[in-house]
Amino acid sequence: MSASLRLFSWCCFYLLTGMLAVPHACAEWRILPESIELGGPRESQRLLMISGNAELSTGQLGEVTFRSSDPGIVRIEGNRVLPVQDGNATITAHDAEQPEQVLAKATVRVTGTAGPGEISFVRDVQPVLSKLGCNSGACHGALAGKGGFRLSLLGYDPKLDHFTLTREARGRRIDLGDVGRSLLLTKPLGLVPHKGGVRFDQDSEACRILSQWILQGAVEPRDGEPRVTRLEVLPHAVRLRPGTGHDLLVLAHDSAGGVRDVTRWTKFSATHEPIATVDDGGRLTVVGPGEGAIVAWYDSKIILARVSSAYPYEVPPDLYAQAPRVNFIDELVLRQLENLRLRPSPRASDEVLVRRAFLDTIGTLPTAEETRAFVDETSPEKWDRLVEHLLERPEFVDYWAYRWSDVLLVNGRVLRPDAVRAYYQWIREQVATNVPWDELARRVVLARGSSHEQGATNFYAIHQTPEDMSENISQAFLGLSIGCAKCHNHPLEKWTNNQYYAMANLFARVRAKGWGGDPRNGDGLRVLYVEETGDLIQPSLGKPQRPAPLDAPPLDIEAAGDRREALADWLTAVDNPYFSRAIANRVWKNFLGIGLVEDVDDLRLSNPASNEPLLTALSEFLVAEKYNLKSLMREILRSETYRRDSQPLAENREDTRYYSRYYPRRLSAEVLHDAFCQVTRIPSKFTQTENVDGSTSATSFYPEGTRAIQLYDSAVVSSFLQVFGRNERAITCECERSNEPTVVQVLQISNGEIVNQKLREPDSCVSQHLKNGDTLEQVIEQAFLTALSRQPSSSERERLLDELREPFAQALASSESEASLEQRRILLEDLYWSILSSREFLFQH
Amino acid sequence: MLRLTGQGVAHTCDGVTRRDFLEVGSLGAIGLSLTEMLAAEQAFAATEAGKSADKRSCIMIFNLGAPSQLDTFDMKPDAPAEVRGPFKPISTRSSEIQISEILPRHAEVADKFSLVRSCYHTAAAVHDAGWQMMQTGRQFTGGINYPHAGAVLSYLKGRRSDLPPFVVLPQLMGRGGGNLPNGQAGGFLGKAHDPFSLMADPSQPDFKVPNLLPPSEIGEARLDRRKRLRTIVDETVAQFEASDDARLLNENFQAAYRLMTSPQARSAFDLSLEPNHVRERYGMTRFGQCCLLARRLIEAGVRFVTINTFLTVFDEITWDIHGSKPFTSIAGMKDIVAPLYDRGYAALIEDLDQRGMLEETLVCNLAEFGRTPKVNPAGGRDHWPQCFTVYFAGGGVQGGRVIGRSDAIGAVPAERPAPPSDVVGTIFHSLGLDPKIELPGPGKRPFPLIEFGAAPIRELF
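Line by line, the protein sequences are chains H and Z.
Each residue of the first sequence is one higher than the one before, counting from 1 in the numbering used here.
Each residue of the second sequence is one higher than the one before, counting from 846 in the numbering used here.
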């Protein structure tokens, strides 16, 4: 079949299946890159022939011939263009079987061919070592090296690596006199034993570059050499059917304005392997439907190419246009669902929604009366009214104070009791007065004064070194883990060791007087202040970095004053993309169950959102609303997206991250605990708090009736909360909270005290029913309403009655009143237990 | 080879994932019988490479307090009196091994175990640091909690009977004084892989597993009714079948019901089924009966049992022989600690051997460190992580040998130094797990089973 015929049939396929958004796209054949720069005799550029443009490709044409308009300027080798002499030329692409037809054109500009073509250690040699894995953590990049040979991890220290290669091991690694005897070649070639195996052969480009470099005298890294400033990937995104492949190109832009094709030396990885995989050469293969990305890494820089592939469902195209929508959230979610051909689930019932909104917004079950009132109300504004009501409930403060206490690590195993209380009360006060999130962050960053009066200073009592302060500020407010960069450049991110120490140096002058940090002793009273001088030494350099917030310009290292102010400004600046995205994602996850980025504490560039435009829109909304979190919550709650049913449809069953339906999840430890108490009507007592050494102390902070979401910290003794995975608040990470169901949890529900004991109490719901002399029907209805926020279905009612009616009647008829009561009590306890152990109760849905 | 993704799905060579089987298993809630579920699990087991290794189990005996190498397994009879201590070495069933006279029963089974006399670690000499390193192979830094070796096995292989895959006897370690996590948990693998902790003393006459059985007022009839009622209530929520966690929860209900109602599980925990003379042979002590219970649990399908010889170093007499109050001295070790330990261990090894279970059960005896070469003025010895002895039996280990050597006073390894990562690597090796398998750490950062550069002590096998 000729290429044009093939093109035709492709286009038809796409049009028929609606996979291309723009019908004329089949005419848009392009060569990538469209304009090519070759800046030296050793440069070359690989070419791609794609359908679409640099932004989005919907297919790649494999069998294509490229021609040069002037072979005296550039020549073609397969799909690669190489320089001959300085000048301009045009490349044309032709169908292999219809060579006369020009499918597309690209321009080339060649410069610098007269230059020496010197191999540069940084530009040429190190990328080879990185690509081949020589300097990876598993090989010579390990802290201890391998086989006595150590390289800096992924080449973050070129000068040291050059020294190691040319001077260490008595110079045997490089043999300038007899290049072929250099260990740098003989080892990876397998000519002498190499535990890392054979890495390349003699005809490889890698071998050529390394031997050329030695031949030219193993030139050391020069100061002032152009450095890579950014990467570009072509195309930026692909939309393909499962089973199809596509090549990617990676271009490096350097500080001298040059551009090079670095595809061959780029390391590729896939963010979601069930969606797309990628091979060593940058060819991706779509494996399944969904949206994922390919990460390209070169010289500690990272760029993503997005990959999307529609689900194989039959969904009428006009369904998306007709789907109900309230706000921008719905628009953007529907757009993604349309891209991926997922059918949105319909709106859930009022009963489901009232329970969902209560639990997500205030961590509390609605009472039977609250449920009834909402369900019976007929006003079209009833949902909006419920949302407003919830945002103003007192439990809103309890719930969100406890959520933010997770993020800020209020923990009695680390802090003394009075400090715990001050810290918690400070957080609570911020929630109660709805302090904007940027202001809250500023107050934490700039905290100073007494730990008993200025609760926020306890952040610095928990994190006492500049490194810890810096890492935890990043984690809490930016969702970024920068810890890797403490020892070496971050392997997954763009953060470098220098940036890490520049950031940490912002905290070098933070000091405190008073309590030193022994969690077992003292009053916990600590006064935080900021010194006028002092710097943090970067161990690898033996001197401090100029203080700077991550990628912001550095401050004057000599300037006096609180450097944290610069950090607070940068952190909360409207153009800081991390800050608003991190909090928008945290709030979103609270309501939808799955973060747009998962995990919420892992917001690195190489971990893209499942709906990037939505996360951007949410964070921009938050900025426009001046970081009023209630505005964001209101917007989320009001959306149709939030109100979708959790029942999967045939056309969205596979979806776990694009919000075509609501995803059920187990209630968090504290909320579940409180729900048990609310339904059984028996609160728990919190009288002990655990110390760091495992011993316990009495606490009088919590009066009778205190709910778990009102506890200040994670050290309060409660085997239930522990077994159900509360956040232990040892590190800043939502991942410390575990909502995974375990066997021990089930045993606790089945046989332990939490349910059985509470149901037996003289004031429990069961006792109340017995006192009231309620009928079985009444008990069933009340139990369903309080625990599941709905009426039992008629079949449930019938089947439960079938089980219980006869023994209940027998018990009633019993002549012995005590035995009769006990018999009925047992039946009601079993009924309640069955509801309180059901997944509908244990789960948010 | 086994490969892992961040989602914790184990892919086998033929592309079948563990989750595929879990999904099959979870159908049990809506129709599949227990037998069919077990069959699905067995099908999974059959796809694993190295089926024989899949049969392997491990009993880890953790000697809280840290025994003195010089008074137990690494005697230095030629050293000065203040080093060699009061005890004499005795010959054993192995010509290569001499051990302390306070462990006569060990001498009778010395052809079954091999000593590693050159174990060491470089962390602080506090109990908790050693606990975490010796049980996980790593020192906890940067707030990352590594998983116990048993949790790793649970994560990679799952359950193989009605019983949980990983059990701790008699309960989780208590305080160590260093305020550090003790490593006896699922760590970053999640609570789903925490050990099942017995929380009871099996030597007590009224011994039972808490929460394993319903409260006494909930008899079989009520249990059945509860199950029927719950089925009615729970059946309506079909939408949960699309949620992994909901499926896992129902799995756990199944598992809990299995535990509660399984005659196999119930009998595994029921020590009264053992003849009296067998119980006596292990010794009617907490440690002795834990050893016996461990054997029963392994027989019933548990993959990994950790026995804490003591619960904490503070409230009881342990291996922690500082000499000063409230700790015991070298003499106290001889009178109180050694006899119960010696008896329980030897009985366990003999019993496993006689039942033909030893080849498939690795028994490793670990501790957080050793003790100072010189006896202190209080007549005790203090903490010494620079050199100590651990030992292994069964699970493919050739017994009766000594690997590694300490110097003349037992102060530092003189030959084949073995850090904690090598010790834990040895456990994985015996269990047939490739140390290069990667586990998904916090932030999906991959961690190989043992640190780069670490290696199993292959000389043992």
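Careful: at least some of the hints might be erroneous.
Unchecked claim - Over the 10 Å line for every Cβ pair with chain Z, so calculated as not near, a few chain H residues:
id, residue
1, 65
2, 97
3, 132
4, 203
5, 226
6, 254
7, 540
8, 626
9, 693
10, 705
11, 725
12, 730
What the hints assert, rightly or not - So, partial list: chain H residues that the calculated Cβ filter (under 8 Å) puts toward chain Z:
id, residue
13, 259
14, 666
15, 837
Just so you know, these hints were derived from the structure itself, not from any lab.
All C-beta atoms in this analysis are idealised placements derived from N, C-alpha and C, irrespective of residue type, glycine included.
These are the hints, each one checked on the structure:
1. 65: The claim holds: residue 65 of chain H sits with its nearest Cβ about 38 Å from chain Z, beyond 10 Å.
2. 97: holds (38 Å)
3. 132: holds (17 Å)
4. 203: holds (30 Å)
5. 226: holds (32 Å)
6. 254: Consistent with the label, residue 254 of chain H stays out of reach of chain Z, its closest Cβ about 30 Å off (over 10 Å).
7. 540: Holds, since 18 Å exceeds 10 Å.
8. 626: Non-interface label stands for residue 626 of chain H: nearest chain Z Cβ at 31 Å, farther than 10 Å.
9. 693: Residue 693 of chain H not clear of chain Z: closest Cβ-Cβ about 5 Å, inside 10 Å.
10. 705: With a cut-off of 10 Å, residue 705 of chain H remains clear of chain Z, as the shortest Cβ separation is near 26 Å.
11. 725: violated (5 Å)
12. 730: violated (6 Å)
13. 259: Violated, about 32 Å.
14. 666: With a closest approach of 6 Å, the residue 666 of chain H hint holds.
15. 837: Hint holds; residue 837 of chain H Cβ to chain Z Cβ min 6 Å, cut 8 Å.
Figure legend: structure checked against the earlier numbered hints; hints not met, in rising order: 9, 11, 12 and 13.
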